[in-house]
Amino acid sequence: MWTWHRASRRPRRLERASLRLQPPVCVPAHPALSVVVLPGRAGGPMQHHHSGETVVTMSRSLMATQWAARLLVVAVLCGWSGVSRAGDAGGVSGVDNSVPASVQAFSAAGRSNAAIEGRRHIAALWAESGWHLVKAGEYDRAARAFTVAKELAPGEASIFVGLGVSAHRRFRDDLALAALEHALQLDPAIGQAHALLGDVHVRHGALSAAVRHYDAAHRQDPNDVTVQERLLNARQERDVEARFDRLLSPHFVVLYQGEGTREVAHEVAERLEAVYDEIGRMHGYFPDETVTVRLYPEEQFRAATLTPAWARALFDGRMHLPNEGIRTSAETRDRMLKHEYVHAVVYRLSGGHAPAWLNEGLALFGEGGASAETGDLLARHAGDLEPLSSLHGSFLGRPQRAASVAYAESGAAVRLLIQRYGFAKVRRLLEELSSTSDMQKAFERVFHERYRDFDRRLVSSQGGRG
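Residues in the sequence shown are numbered from 1 upward in steps of one, following our numbering.
Derived from the structure by calculation, the hints contain no laboratory data.
Have a look at the derived ranges for each label pair, beta carbon to beta carbon:
(1) Phe-286 <-> Glu-181: 26 to 32 Å
(2) Ala-189 <-> Glu-270: 44 to 50 Å
(3) Thr-226 <-> Leu-186: 21 to 27 Å
(4) Arg-243 <-> Arg-219: 24 to 30 Å
Here a beta-carbon is modelled for each residue, glycine too, at the ideal position from N, C-alpha and C.
Turn these sequences into a full structure, and let the hints steer you where they fit.
Here it is as structure tokens:
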């Protein structure tokens with residue numbers, strides 16, 4: 001694999017391990033950097049700069065083989081905006097921001113066996129880079145890499161699995177379903193597609209479909225422990241839901257047990273539709289997909305969710321609510337419903353990548369802001385606030401006092417973000433997180449402030465040791 005230095009006229013070759021997709025060192029990794037590939041004399045690629053562009057020339061035989069493949073893979077990993085190929089007359093084509101179109105131009109170089117093999121080789125490298133980017137949590141760029149691979153090798157089922165993974169991780173399950181179903185048309189025995197379709201159907205509450213796909217994946221690989229666990233869980237969830245009655249509203253499916261709870265279910269559905277509008281206006285987000293809500297008696301709620309005694313509800317892709325929490329005062333009920341629905345919004349906007357402090361802080365903000373009790377708690381513990389990086393995981397495993405401080409700090413962090421940058425920028429952070437699981441990178445890309453500097457600012461604002 002090659003990386004290019006704008007200040008140098010020669011490419012520096014990276015370690016051979018980079019062919020296994022260790023990230024290349026891009027100097028500079030600038031999104032506006034473009035590369036133009038020109039037919040040239042036999043031998044290795046030559047590089048020069050013209051009108052602010054990096055121009056690479058190589059022989060036609062190399063253009064269809066590993067040298068060009070490496071260049072193209074470097075392009076996506078370094079975030080270059082386009083790769084173009086000029087015609088035989090030597091005129092430089094315009095840089096194309098659409099990667100698939102660039103690859104179509106490149107792959108039109110010839111119909112020979114060498115060219116066909118070259119395209120397959122390039123497609124394999126693009127697909128491998130896509131899996132590397134999935135592993136790194138860069139799902140937008142992974143989708144881009146798999147799209148290029150698909151253009152070059154449209155009959156390769158595993159590439160469509162990659163497209164399905166990257167779409168599912170970005171909460172584009174419409175795209176994921178299409179890609180994964182096409183993968184199975186190309187290769188009905190590809191178990192990974194069945195497993196991923198199971199995941200998609202679980203997210204949308206289609207548990208019978210999920211069981212069917214997990215079962216197919218399990219038959220193809222009986223030793224896959226992860227698939228075994230998901231199949232068992234999906235069967236158990238399906239059997240549990242069969243014991244619930246359903247109440248449908250435009251944006252929610254409320255599951256309840258027994259006629260005695262039907263009135264509570266109606267009340268919850270009615271209030272949640274009002275919450276949908278209120279929180280939707282706050283976030284500028286009105287999803288079409290329904291949210292599933294389960295109502296439980298108190299003792300069943302604890303057994304089903306395994307939550308500590310201090311937790312008043314749970315969101316895990318579905319809203320789990322104890323009936324007793326609904327039957328308290330209207331103010332307490334509405335705060336709980338707003339809090340849990342904000343979790344649903346954050347989950348979808350961020351692709352499930354929002355750290356706990358951001359998730360809980362936004363939920364507290366959505367339910368009505370900080371209470372006097374929260375302010376007192378922060379004042380008493382100002383010197384003991386944790387770094388935000390320590391508040392990325394769930395708070396459910398903490399004792400009640402430590403959890404209360406974590407919630408209070410989360411609320412203060414979100415209020416400070418909104419005060420400094422405005423709510424629209426915080427919404428933008430959620431969107432950025434849908435493309436990457438790297439909170440520090442997303443934070444600094446949106447706010448142009450170092451994550452640790454904001455952390456110190458938060459501690460200082462609470463009177464702690466900044």
